[in-house]
Amino acid sequence: MHSPVIADDYYAILGVSRTADAETIKAAWRHLARIKHPDKNPGNPKATAEFQLLESAYSTLSDINGRRAYDKTRLASPFNTNTSNVKANRQRRPAPTATQVPAPPPAQEDSSAKESRAGTRLECLRALKAAQEADLNRARLRFGVMKWEISNLVQKAEEEAGEQETNINGSSWWASLLLKMVSTSPQKQESGDEEAKTGRRRLDWEAEQQTRLEQAMRQWEVIRSLEVDLSLTAGQIRSMVQQDAEEREREEQAMAAAAAKQRWKEVMMQQRRQQERRTRAAMAR
0 MHSPVIADDY YAILGVSRTA DAETIKAAWR HLARIKHPDK NPGNPKATAE
50 FQLLESAYST LSDINGRRAY DKTRLASPFN TNTSNVKANR QRRPAPTATQ
100 VPAPPPAQED SSAKESRAGT RLECLRALKA AQEADLNRAR LRFGVMKWEI
150 SNLVQKAEEE AGEQETNING SSWWASLLLK MVSTSPQKQE SGDEEAKTGR
200 RRLDWEAEQQ TRLEQAMRQW EVIRSLEVDL SLTAGQIRSM VQQDAEERER
250 EEQAMAAAAA KQRWKEVMMQ QRRQQERRTR AAMAR
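Each residue of the sequence shown is one higher than the last, beginning at 0 in numbering that gives the first Met the number 0.
Any given hint could be a false lead.
Unchecked claim - Derived DEER-like restraints, expressed as beta-carbon distance ranges:
1. Glu157 with Gly14: 53 to 61 Å
2. Gln235 with Arg200: 49 to 57 Å
3. Val221 with Ala259: 53 to 61 Å
4. Met267 with Ser55: 43 to 51 Å
5. Gln252 with Glu226: 35 to 43 Å
6. Asp192 with Lys155: 17 to 25 Å
7. Leu202 with Ser16: 55 to 63 Å
Hints are computed from structural coordinates only; laboratory data are not their basis.
The C-beta atom is built at its ideal place from N, Cα and C for all residues, glycine as well.
Work out the full structure, taking the sequences as your base and the hints as a guide.
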């Protein structure tokens with residue numbers, strides 16, 4: 000029985016060394032998961048395959064038993080560049096005799112390894128969901144600040160417009176008449192300068208308001224994108240939890256069926272023994 004061939008170098012995929020600890024591996028995975036998520040790379044047809052390979056690498060290396068089995072299998076793989084170790088292992092391995100038959104791995108080990116990988120992947124998805132929720136909360140907070148800034152600009156513009164209108168309507172008819180009669184008075188010149196300044200301030204506020212609105216719209220698009228990513232991750236988590244529940248239900252049903260079959264066999268054996276005892280008693284008479 001040959002060891003499974005693993006062509007992918009999980010350490011290279013995560014960009015870590017073979018001696019990296021669990022925290023380094025987790026940090027590298029979280030960084031790459033945000034960059035290589037299929038939703039962030041809609042134009043790449045291989046994005047889904049690359050993301051699945053990234054998750055497979057993390058689920059294997061983050062599990063102690065899975066990482067140990069991977070290192071052992073990778074060492075014996077023909078894709079490994081360290082051929083001296085492979086030759087040394089082959090030299091140390093005794094030649095199989097005619098009576099030596101490699102024992103197949105127990106089915107329980109495969110089942111436990113499968114459950115471990117599924118649990119690790121679910122943990123990765125939950126960590127990704129937590130990071131996405133944090134990013135979404137920060138984006139929403141930033142959007143709230145932008146809304147407050149825009150509202151403040153609008154309020155200032157309205158207050159400025161209201162003050163100008165009050166100054167015009169509040170002047171007496173005598174002052175208005177003098178302003179019309181004395182066109183070259185310094186008071187009219189100062190009023191014109193003040194109106195020009197007010198107009199420039201209003202234009203500045205309108206330009207600033209337009210800029211802030213564009214920034215707020217871009218921030219709203221970011222929020223929508225983060226919400227979509229979070230929804231997809233939550234859907235994957237729900238799907239995995241549902242699959243796990245269905246798998247457990249199938250296992251319980253199989254165990255119940257096996258127990259019922261065993262009880263039926265015991266009842267049949269008991270009835271057969273009773274029949275044999277009655278037959279021997281009848282023959283003894």
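Hint by hint, here is what the structure shows:
1. Glu157 with Gly14: 53 to 61 Å: 54 Å, holds
2. Gln235 with Arg200: 49 to 57 Å: 52 Å, holds
3. Val221 with Ala259: 53 to 61 Å: Given about 57 Å between the Cβ atoms, the range holds.
4. Met267 with Ser55: 43 to 51 Å: 48 Å, holds
5. Gln252 with Glu226: 35 to 43 Å: Between glutamine 252 and glutamate 226, where Cβ atoms are some 38 Å apart, the hint holds.
6. Asp192 with Lys155: 17 to 25 Å: For aspartate 192 and lysine 155 the Cβ distance comes to about 20 Å; the hint holds.
7. Leu202 with Ser16: 55 to 63 Å: 59 Å, holds
Of the hints listed earlier, there is not a single one the structure fails to meet.
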